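A.B. asks: Starting from the known structure of chain A, fit chains B, C and D onto it as the hints suggest.
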Amino acid sequence: MVVDVVGFLPHATIHLPGPFRYLWLQPICCANSPPRMSPEQILFWVFAVATVFSALGVVVLKNPIASAMSLVATFFFLAGIYVLLWAHTVAALQVLVYAGAIMVLFLFVIMLLSINDVGPAVQLSFSRLLGAVATAALLAALVLAFRKLPTSDLAWANDPARLASFGSIKEVGAIMYTQWLFPFEAVSLLLLVAIVGAVVVAKSRI
Amino acid sequence: MSSYDSRLLNFVIFAPLVFAAVLFILPKNEKGQIRALTFIAMLVDAALAIWAYVRFAEGPAEFRLEYWASWVPEIGLSYHVGIDGIAASLVLLTGILGPLVVLASWTFVQDKVKEFHLAILILQTAMMGALCSLDLLLFYIFFEAMLIPMYLLIGVWGSEERQMAAMKFFLYTLVGSLLMLVALLGVYFIATPAGQHSFDYAAVYNGLLGGSREVAACVKAGGENCSLSPVAAALMRYGPWMFGAFALAFAIKVPMWPVHTWLPDAHTQAPVAGSMILAAVMLKMGTFGFWRFAVPLFPAAAQKYQLALATLAVIGIVYGALMCLAQRDIKRLIAYSSVSHLGYCMLGLAAMTPEAATGSAYQMLNHGVSTGALFLLFGMIYERRHVRLLSDYGGLAKVMPIFTAFFVIVTFSSVAVPGTNGFIGEFLVLLGTFNSKLPLWVGVLASLGVVLGAAYMLLMVQKVFFGPVTRKENQQLHDLNLREIATTVPFLILIVVMGLRPQPLLTVIEQSTRRYVARATLGPESSEPQLQVKTRPPPTPAPAPAGAIPSLKLGENEAPKPSPARDRLLRPMISPNSPRPVLMAAPPANAQGAH
Amino acid sequence: MLAAALFCIGMLGVLVRRNALVVFMCIELMLNAANLTFLAFARDRGDMTGHISAFFIIAVAAAEAAVGLAIVIAVFRSRGTVNIEEIQTMKH
Amino acid sequence: MTIPEFTMADFWPVIPAGILTAAAIVLMISEVFLGAAASRTYQSLLSVLACVLAGAVALMNMTDTPRAVLQGYAVMDPFSSFLTLVVCVGTGLAALLAAGFLQHRNAERGEFYALMLFAAAGMTLLGLSNEFITLFVNLEVLSVATYALTAWLRRGSRPSEGAFKYFILGAFAAALMLYGAALLYGATGTTHLTDMAAKLRAALAETDASGGHPKQMLIYAGFLLVGAGFAFKVAAVPFHMWTPDVYEGAPTPVTALMSAGVKAAAFVALVRVFMALGPAVDPQLPFIAFSVLALLTMVVGNLLALPQRNVKRMLAYSSIAHAGYLLLGVAALFAVGKDAKVGVLSSTPLVGISGSMQSDVYQGILFYLLGYTVTAIGAFGTIVALERREDETKGNAWDLDRFAGLGSRKPGWALAMTVFMLSLGGVPPTVGFIGKVLLFRAAVDAGLLGLSIVGMLASAAGVYYYLRVVVYMYMRPAPEGALVPERRWTTELALVATAAGTVLFGVLPGPITALLQRTDMLFHR
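Going down the list, the sequences are from chains A, B, C and D. According to numbering that gives the first Met the number 0, the first sequence is numbered sequentially starting from 0. According to numbering that gives the first Met the number 0, the second sequence is numbered sequentially starting from 0. According to numbering that gives the first Met the number 0, the third sequence is numbered sequentially starting from 0. According to numbering that gives the first Met the number 0, the fourth sequence is numbered sequentially starting from 0.
Pulled out of the complex, with its shape left as it was, chain A reads as follows (with noise of 0.2 Å):
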């Protein structure tokens, strides 16, 4: 559980990339004393809130190029919280990825097709507000799945060395050119047919 897992631990610190890598913050709680908000606390509940909410951006907004800045604006801030989660590879890839080529291709998409949306957003019908129905449910049972999780005291991160190399570039690369080898294959070939599937698709004529 995401909000237990880094905000409400004794010792929660924030492992940053790159010349702050050893900046350590104190613990924040104590036993005796009332919960205070440590600042990641307060930089997690930042990034959450506004991610829920440039979530829900995309899915409300009406105009598609609106709905696009506003998924730009949920990577950035999810690249946020992965910092949080002391996982700063993935967050670079993140912004690299996701905001600088994905959302870079589905504006140009948008640009290019010159779309206008007429008429309401969303449209409800039956099988429709069943969805929504479904997904409700899903959503209270995941909350409900969540809640129940225990909360980590994070006792591998008291080896120091452990977590110096966590989500580091360095380990990620370690690990995926040695162990998930296979999978790594499998995703050149991936890529390799995306490129001809688009090209192929996207030709005007064959």
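These aren't lab readings, by the way, just hints derived from the structure by calculation. Since this is a predicted model, take the numbers as computed values, not measurements. Backbone N, C-alpha and C fix where the C-beta goes; we use that ideal spot for every residue, glycine too. One or more of the hints may lead you astray.
Rough simulated footprint, nothing fancy, chain A against chain D, three-plus residues with beta-carbon under 8 Å [as the list claims (entries may be wrong)]:
1. 69-81
2. 143-150
3. 311-322
4. 464-472
C.D. replies: Just chains B, C and D now, with coordinates in the frame of chain A:
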């Protein structure tokens, strides 16, 4: 048994198919050649069937002329054929009917001749196969395979409403047989031990026998809490359901009241050949199925529902007869008379006494001959006039004397006038029914059916043949030509011979009858009909008749292993003291029963 | 929980929005929710598997985006619209 | 850092995929050198050759011992090898069909076959993935290739519509599955299926202070999402809505590939995932879930197909129904010997579950997949042979009337189509019948009597609409001015091959059942 004998049935089954393959190559427009070739094929098959019958009559064992070949050993499916008395008789009937069917539609079918004859030949193979199968799944395959050519026969060459009738026929039969398939799979798991599951008839029967006895004993004791072996417990629980599924499949085929409704349509719309085959052979698959599978495999359940079966049969007899009285369409009338006649067969089976069962079997043959002949003869005037209503005919006796004579003789057979074959069958069935533990009213009502039967058939004869010629079109009708006479005469001969000298046929049938009754009643003799599974591998993997025997060909990448499936089957089934794979199940049957 | 919310928002979007492009964006949201979950649990356990998974998911999302947008262009070329309602022409 | 060591034994299972990929690349490169007017029949044949080679390797692999390879990300077992074989058969036949189809539309390009082979490679890899992320990536390989193939004929509006729907729902399903995987990862800390099973059991047993099972719900939610994702992929009711539109919109050879290969691969992956993880949770739950899915899918699929006049759509619904029969098999895997009353959704073993039950089910599923592949591709092949480009915009290109009088116009095609229809209906002597016997045999063995009976009745309804095609072919006169369809040897070759296969495997299933019998089928730890 010579090695010829062991392969004879393969030839009987697959000869039509081989000819069909040849026919497939013939050019489409050579109609004469196509007909001739089919006729020859059927003659050959008839000869083979007669030969098989003759060879059968010599042997002592229950199932003779057996042939066994491994087919799909992984699931315990084997190609196992063999015939007992009743199957032999029906094979004979089917064989003899084959060429006559071809002759009957010699001029009737002018359209898509090649396809028509292909369908008939394939149908012949399927019917022979179903009659000879000694493997449950093999039987099922042939049983289903019959549907397709028959469906096409009705649907392509039938009359106006043919598509609906064909679809009805197909779906009715299919629903029943699919349920049977589930039950069949259930039986397969219950009866044969894990790891050695087999669809072989004998294996399944032997596996169920002990359980059936326990169930019967338990029912007799009236006890709810008898300790049962696993097989018996399963039988106790599912036996009635499985019997129900088998019974439903076969009852649809027979057809028994109230699942008979497809039959009048199918008969009415089918071409002559279709009606003949349908009446003469295919309906017998239903009764044969009861005889061979439904009742012997689930004797306890069969006894439980004996009265219900008999009641349905009697309702069929009376209802069919009453419906006949109300019909204006001649083909429909004959169709309903089939419902009535097959009611006797079912009654005979349900009575479970030797006389009744013998009569039932005999009645199956009779019905094949007489109703087949009726459809044939009616087909002849239908070909001339293309109308089917009673009111369209009248006074034909003056125009077509030969035809009338033939028709009347066949009618006598159908209404069971003494001296014809019909008499013997119905008499035996009624006798057996009165002797059985069925209540008296069953027999009384069934006797009533005889009277009604006479009434409707004779009324029809009167309306069609006697009195003044009411229609102008009928005055110019020419009488039967040589081909038509040649087609009909064998039927007449059969009617008279079977009526006056039934003993040879009855002797053959009775061998099976006694076993059937013993199995159905689990009586004192019931330990006797323990079947032996034929598991000996075919003596030499000699070349099979072209495309005939689906023997398992091992792939090239097959590991050389000593066919575990075969060993599996061999071990438990062959008793150590049996020098031959096929044990005679009983000493040669001596004639007993009514005659 | 945030991930769940994000996921469900995405799912909701897929189910109710009419604009094909927006629907597509919502699917991206769902993928990101999965990413977030992987990363959160990864931190929870100190296990890098979640990071690698997220890495792969981003790659997959990129591939999907390429082909998906190509398809959207194709649809727009043949129909002149990306409205889902108007794309439903086949009868059931 | 430890550098992994691989031996040749690690690579055998991926060699078929390698062959397919290599052939795809060759096709794409060779396309560059061709002029617009050049004959491209060789491309189809090259694809077929690649499929044959890959299939041969797969056949060899079947005899190998089941084991985990490539550091546990993939497995090598007869189950996946047989799937590879099925996929190769399906892709080869679909490629043959494609030649005529594309030439007719002047749209034959190397990329089409390349994408087909890529999709096939994705399918084979999907079958052997033993880890969630790998599985997901491979699923995407096959999906992305199929999306592109579906949109191949972009001039018409239908293909792009079909492709779009397929894409949206495919991506949605993938996202669902992925999120489910993320939840399961959260509960266990691993994405490897084999490790996950053990850890799941531990995670389920964990208790918190109040005595509850904190991770239980998380795990079940994960299962639910993964299951829903798969249900979309195999088009199980109620996740089937996309199927008819997509099947209708896609180019027919691609539809054939989808109905056969994609579905087969998805089923194999489904079985692998749930067989690895299922035992960790209460078997009752997956059993109920799959039983309900099977029941709905069998019944609804058949019922929806009944009123269809559009044969291509009818086949789409029929593919849903067939997925239902396969789900029956999957449900049988989780059948538990409970002494329940005989009901529709209960399992009451007849005599007690025999030890060989599971391997029986695997055999049933695999044989059914093969049989369905051959038959469905044949049926779609007949449509390929009959359809004309001009009609596609009119929307009646696949109407039943197209089949009227085919029996006299093209007796060979009509005969082949009859064989396919009978096989789909499960009538002997066709491969569909044997498949049905094997599958229902397993189901009955598992005690799924009620479901089997429902399935049988549903399939009887199925025979009705299959036979209607036969009725039109043989019992209706050809419409006036019916054009004689063009003959193309590649299409006809595919038809002959599938028809012969349908009958031959129906009469002599021995070699295949022997092949399936050989091993313990699925890799277990």
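A.B. asks: All the hints need checking, so say for each whether the structure fits it.
C.D. replies: The hints, checked one at a time:
1. Taking a C-beta to C-beta cut-off of 8 Å, the region 69-81 of chain D contributes 4 residues in contact with chain A, enough for the three needed, and the coverage statement holds.
2. Counting residues of the region 143-150 of chain D whose C-beta lies closer than 8 Å to any C-beta of chain A gives 5; at least three are required, and the coverage claim holds.
3. Interface restraint, the region 311-322 of chain D with chain A: violated (0 residues with C-beta to C-beta distance below 8 Å; minimum three).
4. For the region 464-472 of chain D, the stated coverage by chain A is not satisfied: 0 residues place a CB nearer than 8 Å to a CB of that chain, which falls below the threshold of 3.
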